[in-house]
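Asker: If you read the sequence shown in this note's numbering, its first letter stands for residue 37, the second for the next number, and so on.
Calculated from the structure, these hints are not laboratory results.
The structure displayed is predicted, hence computed values, not measured ones.
Think about it this way: if two alpha-carbon atoms lie no more than 20 angstroms apart in a straight line, the pair counts; the simulated SDA-like pairs of lysine to any residue are:
#1 Lys207 - Leu196
#2 Lys200 - Glu160
#3 Lys243 - Glu160
#4 Lys457 - Glu468
#5 Lys126 - Asp137
#6 Lys429 - Glu402
#7 Lys76 - Glu43
#8 Lys92 - Glu54
#9 Lys366 - Arg333
#10 Lys83 - Tyr53
#11 Lys136 - Ile458
#12 Lys457 - Leu149
#13 Lys269 - Met213
#14 Lys284 - Cys295
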Amino acid sequence: MVEKNKEYILDIVGTGYEGEGIAKINGYPIFIEGAIEGEKVRALIVKVKKNFAYGKLIEVIEVSEDRVEPKCQYYKRCGGCSVQHMNYNKQLEYKHERVKDCISKIGGLDENLVKFPLGMARPERYRNKVQLPVGIVKGKLSIGFYAPRSHNIIDLDICLIQDKVADIVTKIVREWMEKYNLAPASIDGIFNKKGLIRHIMIRRGFKTNEVMVVLVSTDEKVPYITELIENLKENIDGLKSIVLNINKAETNVILGQKCISLYGEDTITDYIGEFKFNISLLSFFQVNPKQTEVLYRKALEYAGLTGEETVFDAYCGTGTITLFLSQKAKKVYGVEIIEEAIHNARKNANSNSVDNAEFFVGKSEEVIPNLINEGIKPEVIVVDPPRKGCDIKLLDAIGEAKPERIVYVSCDPSTLARDLKILTEKGYEVKEVQPVDMFPHTSHVECVVLMSRIEK
37 MVEKNKEYIL DIVGTGYEGE GIAKINGYPI FIEGAIEGEK VRALIVKVKK NFAYGKLIEV
97 IEVSEDRVEP KCQYYKRCGG CSVQHMNYNK QLEYKHERVK DCISKIGGLD ENLVKFPLGM
157 ARPERYRNKV QLPVGIVKGK LSIGFYAPRS HNIIDLDICL IQDKVADIVT KIVREWMEKY
217 NLAPASIDGI FNKKGLIRHI MIRRGFKTNE VMVVLVSTDE KVPYITELIE NLKENIDGLK
277 SIVLNINKAE TNVILGQKCI SLYGEDTITD YIGEFKFNIS LLSFFQVNPK QTEVLYRKAL
337 EYAGLTGEET VFDAYCGTGT ITLFLSQKAK KVYGVEIIEE AIHNARKNAN SNSVDNAEFF
397 VGKSEEVIPN LINEGIKPEV IVVDPPRKGC DIKLLDAIGE AKPERIVYVS CDPSTLARDL
457 KILTEKGYEV KEVQPVDMFP HTSHVECVVL MSRIEK
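Throw the hints in and build the complete structure from the sequences for me.
Answerer: Here it is in structure tokens:
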């Protein structure tokens, strides 16, 4: 029996879904963050459950050749880049195995359908957006990220996966708050009703270099805001937008609904491939634009369009994939439940002179059956759902629509595998699963899947 608060010397025999090393004692698994398969480690058992335990890495006795020294000084405290201790090829191998495991164990499919992940040549400074909580931690102003499974802010002045402009903006806001003694809305993880500044959000266009800075506040009146605006204008190249977002609610939701433009425009622009997109602070836009283009081109390839097809794009967001599909489709119908996203999608289509895309506000599982009932029959259906996967009603609707091909874009291998199993029961076969490394140094992996109809 494994005992809590006891140290063990363990052989790491596998890797968990979150990148943890897995050791076993008489078949009983122990998950150890920071350990790598093939290593021998000393670990302290910190939590014991019926079917597994968690251990804290104390010492690596036999070191894997895949281990590297993390470049980030905050690595052990932040937890955001949880697999940064692996070299990049090992990260890709781990994600490959994770997707294969989900596809086979959850989906009941052949793991050989899963291709090796498409990685980045330079897997750093890839994110074009960051949201940083602001608070007092042990009497000190802190701006950074939350520690794992907590609301404790890890104060930092640099993040190696964010655009460098985020580091500069963070420094400017920090100095401004300290100079004018402006209180944040969090003290040691507890909401401070008398505080003012909640979060900083920074976006930067990958190809345009346009910058948006968002200050999230509990009040519309922010003292010395003019000084901050002038400082940002003087020091941020490409600054196009400064927005004050008001969020008075005592919740974990970052952004409020009210926005006040302080400088410049309400949006910035960026490109994916040849398409130009307007991005507001509330818009969803993929945070790794370089890999987004890789992902979307693979989705377009899988769609197999000749110019004669009608395509449905479920969960279309602001129409990014929709516009890519429009290049080779006869007509594309995009569906999204968020009204503002559809408003942006229509604007994006118009600004790119795309006239064969039409957008609808509503639940995909309701709108798509209505379109089918109106006589619109798709040859291809593309889905890009949130992490929870597709609604079962949508999967039923896809089965009834009987498109020739389904292209499934997923940000979670587990829910992807679950949905693929359901779709195979509806007369489809998985032809190929292509992981794409959208988030290097983290445990997250994106996938795009091609399915073909086998029942006529």
